[in-house]
Amino acid sequence: MLADELAISKVVAVTVPPQPDPEQIAHPKEHMEKLLEGLGLQWGGAEMYARIAAELNLSHLRHRCPDGFATFADRVLML
Numbered sequence: 015m016l017a018d019e020l021a022i023s024k025v026v027a028v029t030v031p032p033q034p035d036p037e038q039i040a041h042p043k044e045h046m047e048k049l050l051e052g053l054g055l056q057w058g059g060a061e062m063y064a065r066i067a068a069e070l071n072l073s074h075l076r077h078r079c080p081d082g083f084a085t086f087a088d089r090v091l092m093l
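Heads up, the sequence shown is in our numbering, so the first residue is 15 and it goes up one at a time.
No lab work stands behind these hints, which were simulated from the structure alone.
We put the CB at the ideal spot given by N, CA and C, even for glycine.
Misleading hints may appear alongside valid ones.
[To be verified] Calculated lysine to any residue pairs in the SDA-like style (CA-CA distance at most 25 Å, straight line):
| no. | residue 1 | residue 2 |
| --- | --- | --- |
| 1 | K24 | D35 |
| 2 | K43 | Q33 |
| 3 | K24 | P34 |
[What the hints assert, rightly or not] Taking CB as the label site, the calculated pair distances span:
| no. | residue 1 | residue 2 | range |
| --- | --- | --- | --- |
| 4 | M92 | V28 | 33 to 41 Å |
| 5 | H41 | A64 | 19 to 27 Å |
| 6 | G58 | M92 | 29 to 37 Å |
| 7 | P31 | L93 | 15 to 23 Å |
| 8 | A27 | V90 | 13 to 21 Å |
| 9 | A67 | P32 | 15 to 23 Å |
| 10 | L93 | Q56 | 34 to 42 Å |
| 11 | Y63 | A40 | 17 to 25 Å |
| 12 | G54 | V90 | 32 to 40 Å |
| 13 | L93 | L55 | 20 to 28 Å |
| 14 | G52 | D88 | 29 to 37 Å |
| 15 | Q38 | D88 | 29 to 37 Å |
All chains, please: the whole structure from these sequences, using the hints.
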């Protein structure tokens, strides 16, 4: 979810800057919490994940996460 700063921005109603390569972030949940904390926001847990997921641009996610999400999406499309 860190791959799509526009989706995060829409959900939290604050402009979120692009994040570093999401596939290189060792602890993405902690990164998200610190990111939002730095913007003066609190992490909303599972509900926030669901809201961000509803806003994600899957093409952007495939581009930003070629080894993780894109591979997964390709496998799903083959089913």
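Now the hints, each set against the structure:
no.: 1; hint: K24 with D35; result: 20 Å, holds
no.: 2; hint: K43 with Q33; result: 13 Å, holds
no.: 3; hint: K24 with P34; result: 19 Å, holds
no.: 4; hint: M92 with V28: 33 to 41 Å; result: 38 Å, holds
no.: 5; hint: H41 with A64: 19 to 27 Å; result: 21 Å, holds
no.: 6; hint: G58 with M92: 29 to 37 Å; result: 34 Å, holds
no.: 7; hint: P31 with L93: 15 to 23 Å; result: 36 Å, violated
no.: 8; hint: A27 with V90: 13 to 21 Å; result: 31 Å, violated
no.: 9; hint: A67 with P32: 15 to 23 Å; result: 19 Å, holds
no.: 10; hint: L93 with Q56: 34 to 42 Å; result: 38 Å, holds
no.: 11; hint: Y63 with A40: 17 to 25 Å; result: 19 Å, holds
no.: 12; hint: G54 with V90: 32 to 40 Å; result: 37 Å, holds
no.: 13; hint: L93 with L55: 20 to 28 Å; result: 37 Å, violated
no.: 14; hint: G52 with D88: 29 to 37 Å; result: 34 Å, holds
no.: 15; hint: Q38 with D88: 29 to 37 Å; result: 21 Å, violated
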